[in-house]
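Q: Residues per chain are reported as follows:
2 protein chains.
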Amino acid sequence: MSETMGDSEIKQLEKIGKTAVADLKKEENPKITIPLRGLSNVYFEKKEKVIRLGDKTSQRTLLNVAHTKKFMQTTMIAALCKRLLKAQKHASLREAYYQLKHSVGDGHENTFEGQEESDPLIEDMETLLHVLREKLHLSADRRGYLYGNIQLEDRGDIIDCSKLGSGGFGIPSTIEEIKFKKVTANYVLVIETAAMFERLIEEKFAQKNKAILVATQGQAARGCRRLINRLANEAKLPIYVFTDGDPYGYYIYSVIKQGSINLAYLSDQFGTPACRFLGMQMSDIKKYKLEKVTEKLKDLDRKRLEEELKYQWFQTPEWQKELNMMLTMGVRIEQQALAHKSLEFVAEEYLPEKIEKEDVLP
Amino acid sequence: MSETMGDSEIKQLEKIGKTAVADLKKEENPKITIPLRGLSNVYFEKKEKVIRLGDKTSQRTLLNVAHTKKFMQTTMIAALCKRLLKAQKHASLREAYYQLKHSVGDGHENTFEGQEESDPLIEDMETLLHVLREKLHLSADRRGYLYGNIQLEDRGDIIDCSKLGSGGFGIPSTIEEIKFKKVTANYVLVIETAAMFERLIEEKFAQKNKAILVATQGQAARGCRRLINRLANEAKLPIYVFTDGDPYGYYIYSVIKQGSINLAYLSDQFGTPACRFLGMQMSDIKKYKLEKVTEKLKDLDRKRLEEELKYQWFQTPEWQKELNMMLTMGVRIEQQALAHKSLEFVAEEYLPEKIEKEDVLP
Numbered sequence: 520m521s522e523t524m525g526d527s528e529i530k531q532l533e534k535i536g537k538t539a540v541a542d543l544k545k546e547e548n549p550k551i552t553i554p555l556r557g558l559s560n561v562y563f564e565k566k567e568k569v570i571r572l573g574d575k576t577s578q579r580t581l582l583n584v585a586h587t588k589k590f591m592q593t594t595m596i597a598a599l600c601k602r603l604l605k606a607q608k609h610a611s612l613r614e615a616y617y618q619l620k621h622s623v624g625d626g627h628e629n630t631f632e633g634q635e636e637s638d639p640l641i642e643d644m645e646t647l648l649h650v651l652r653e654k655l656h657l658s659a660d661r662r663g664y665l666y667g668n669i670q671l672e673d674r675g676d677i678i679d680c681s682k683l684g685s686g687g688f689g690i691p692s693t694i695e696e697i698k699f700k701k702v703t704a705n706y707v708l709v710i711e712t713a714a715m716f717e718r719l720i721e722e723k724f725a726q727k728n729k730a731i732l733v734a735t736q737g738q739a740a741r742g743c744r745r746l747i748n749r750l751a752n753e754a755k756l757p758i759y760v761f762t763d764g765d766p767y768g769y770y771i772y773s774v775i776k777q778g779s780i781n782l783a784y785l786s787d788q789f790g791t792p793a794c795r796f797l798g799m800q801m802s803d804i805k806k807y808k809l810e811k812v813t814e815k816l817k818d819l820d821r822k823r824l825e826e827e828l829k830y831q832w833f834q835t836p837e838w839q840k841e842l843n844m845m846l847t848m849g850v851r852i853e854q855q856a857l858a859h860k861s862l863e864f865v866a867e868e869y870l871p872e873k874i875e876k877e878d879v880l881p
Numbered sequence: 520m521s522e523t524m525g526d527s528e529i530k531q532l533e534k535i536g537k538t539a540v541a542d543l544k545k546e547e548n549p550k551i552t553i554p555l556r557g558l559s560n561v562y563f564e565k566k567e568k569v570i571r572l573g574d575k576t577s578q579r580t581l582l583n584v585a586h587t588k589k590f591m592q593t594t595m596i597a598a599l600c601k602r603l604l605k606a607q608k609h610a611s612l613r614e615a616y617y618q619l620k621h622s623v624g625d626g627h628e629n630t631f632e633g634q635e636e637s638d639p640l641i642e643d644m645e646t647l648l649h650v651l652r653e654k655l656h657l658s659a660d661r662r663g664y665l666y667g668n669i670q671l672e673d674r675g676d677i678i679d680c681s682k683l684g685s686g687g688f689g690i691p692s693t694i695e696e697i698k699f700k701k702v703t704a705n706y707v708l709v710i711e712t713a714a715m716f717e718r719l720i721e722e723k724f725a726q727k728n729k730a731i732l733v734a735t736q737g738q739a740a741r742g743c744r745r746l747i748n749r750l751a752n753e754a755k756l757p758i759y760v761f762t763d764g765d766p767y768g769y770y771i772y773s774v775i776k777q778g779s780i781n782l783a784y785l786s787d788q789f790g791t792p793a794c795r796f797l798g799m800q801m802s803d804i805k806k807y808k809l810e811k812v813t814e815k816l817k818d819l820d821r822k823r824l825e826e827e828l829k830y831q832w833f834q835t836p837e838w839q840k841e842l843n844m845m846l847t848m849g850v851r852i853e854q855q856a857l858a859h860k861s862l863e864f865v866a867e868e869y870l871p872e873k874i875e876k877e878d879v880l881p
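For the protein sequence lines, the chains are C and L, in the order given.
All you need for the working numbering is the position in the first sequence, starting with 1, plus 519.
All you need for the working numbering is the position in the second sequence, starting with 1, plus 519.
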């Protein structure tokens, strides 16, 4: 437990309360100014290639009947975060809701009616302080696994992630306190499916290629995205993303790369603009003779593709070509379809070849 | 890699082919007799308290046009399993499908049109040989985490599961080859949500109580259920199951305890009849003054409850009382609602008290 960890967050949280009290003493109406989230205040910054929040804000004042309850709830959440930081404890969003529900005086009215009231205010807090909720000790749901050439230090334990059998390390909801103790990897391979992750562990891919494997199990959870971000920025590792060759796989990639509209206010900490898309690529189908193991696009796939063609972050010649090729060919291809060649093929030929030739999309 | 591992399975698989060849040589119609699965051939064995398969069977013959393709597919799957066992490789169900699709000669017809054709035949193989598909080296999807007082040996690695930071061990899809190297736990606590699992890691619950924590993340995956089964049968540990107090939590418990209708043919290896239900119990609400953090039952909850009241495995006085109490009170309660008392409450009071007093349901 470091002495400084959380100190700056505590000061920021206290400032919310102190400012309100000072306003009241001056007989002024206490207010909190919160950046607006959502599409109307989001833009894609082309230079840094991340989704960012604009400068629109909204104000929440105490002496406005429409705001009073929310004002109180906001300060309650700030107070809870301060308590968590002081006690060096973490709480899930659900626990936070249960901690805060019905805890003011003897009143019969609930302070919070449901988690749908507390969650957005926690996002407000992140936006307001420009701090990850994980750094305020509030955790999201966890999903995903890590395996390979890295030693982690976590809560006093030293974990050699290349010696975790066939299981790997479960990526926790909050990875802020994990330290990269020793990195012997040349790159990180982010994998969509847990089955492919298991395939590559069985093939000893991490050991043979000095790699770190990260399984997202579908859309990457916050802890997983934050870990990828830190592996790129702190450990300075190249990041390759390996998903199914379908519109959903592209979407998973785009969220890892430039963040999401929902979390635009924290793209610096969640997005990894330097990551690259390894596959599955449409050109793989011909190159590796996989014509017989493609699947026909469904209507939903086509609809998503049409949308992705318009996204700002897919406005590169490479991605326009890729997306149009999928539309024209009318098929998608899964990463596990490579098993049609042989089980080893993905580990012994496909991936090493792609990486050596830098056969990737931006 | 042991010399004997998989040998008996290989012999069983070879027998399928040898029998068919012998039949052909005798100019007889080769046939495979497979136990029927599904509700019509399933019963609840009260003594051992598991769901079992009856003795109805169906026959698949080569020289019946309606059976020929399926007969071929069945032998193809047997051949694939043999290859996997010989090579000491594992394949996911999806990989198995891709390995087998379109692989006979130069014909234009697919051998398998989709995974919906290969999956049921793999279940046939499990039923026929009375062997887990994991022992035939075919893996299901993984989900779940392990943490606590146990050392595992897996693929040559020794893993101390009490020294895995805040993450824990990712439970792989196949746990057949994992050895329990050293067990210093008094019991296993199976937990429905990953958030509660993280709470208990943070509270050092495993260390303080000499426990093993298993997070199922909702319905327990096959690997997770098999691990619980082995912890009960091989490591001889008591198993406590800790879910939300709602019909879905009860369902998760019942599947861990007596297996499922789908997998009735393998209840011995997937069910854990000795496990007990720790909570959340309806009586907890009054006992721990949790009235303000319950949630109203929804229509779907009531419907499920009515169904569960009729299930044979809930025909005990304790469960009938519990289910009826929920119907009468009209509420459900989540495990994370205990955070309303304090974050530590679950680890320092609720769980130790329940376990000490054996305040559990059968």
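Any given hint could be a false lead.
One copy or any two copies: either way a pair holds, since identical chains are not told apart in the list.
Simulated crosslink set (SDA-like; lysine to any residue; CA at most 25 Å straight-line) [to be verified]:
1) Lys-588 / Tyr-767
2) Lys-822 / Thr-630
3) Lys-620 / Lys-805
4) Lys-829 / Ile-677
5) Lys-729 / Asp-676
6) Lys-808 / Lys-829
7) Lys-654 / Lys-723
8) Lys-755 / Asp-673
9) Lys-550 / Asp-660
10) Lys-811 / Thr-587
11) Lys-860 / Pro-639
12) Lys-876 / Pro-549
13) Lys-550 / Thr-847
14) Lys-700 / Asp-673
15) Lys-755 / Glu-564
None of these hints come from the bench; they were simulated from the model.
Note that the structure is a prediction, hence the values are computed from the model and not measured.
Q: Against this structure, judge whether each hint is valid.
A: Consistency of the hints with the structure:
no.	hint	result
1	Lys-588 / Tyr-767	neither (40 Å within a copy, 34 Å between copies)
2	Lys-822 / Thr-630	neither (42 Å within a copy, 31 Å between copies)
3	Lys-620 / Lys-805	between (58 Å within a copy, 18 Å between copies)
4	Lys-829 / Ile-677	neither (46 Å within a copy, 50 Å between copies)
5	Lys-729 / Asp-676	both (23 Å within a copy, 18 Å between copies)
6	Lys-808 / Lys-829	neither (30 Å within a copy, 54 Å between copies)
7	Lys-654 / Lys-723	between (35 Å within a copy, 21 Å between copies)
8	Lys-755 / Asp-673	within (20 Å within a copy, 31 Å between copies)
9	Lys-550 / Asp-660	neither (32 Å within a copy, 50 Å between copies)
10	Lys-811 / Thr-587	between (62 Å within a copy, 23 Å between copies)
11	Lys-860 / Pro-639	between (48 Å within a copy, 23 Å between copies)
12	Lys-876 / Pro-549	neither (59 Å within a copy, 51 Å between copies)
13	Lys-550 / Thr-847	neither (55 Å within a copy, 46 Å between copies)
14	Lys-700 / Asp-673	both (9 Å within a copy, 23 Å between copies)
15	Lys-755 / Glu-564	within (22 Å within a copy, 58 Å between copies)
The structure fails to meet hints 1, 2, 4, 6, 9, 12 and 13 from the earlier list, while all remaining hints are met.
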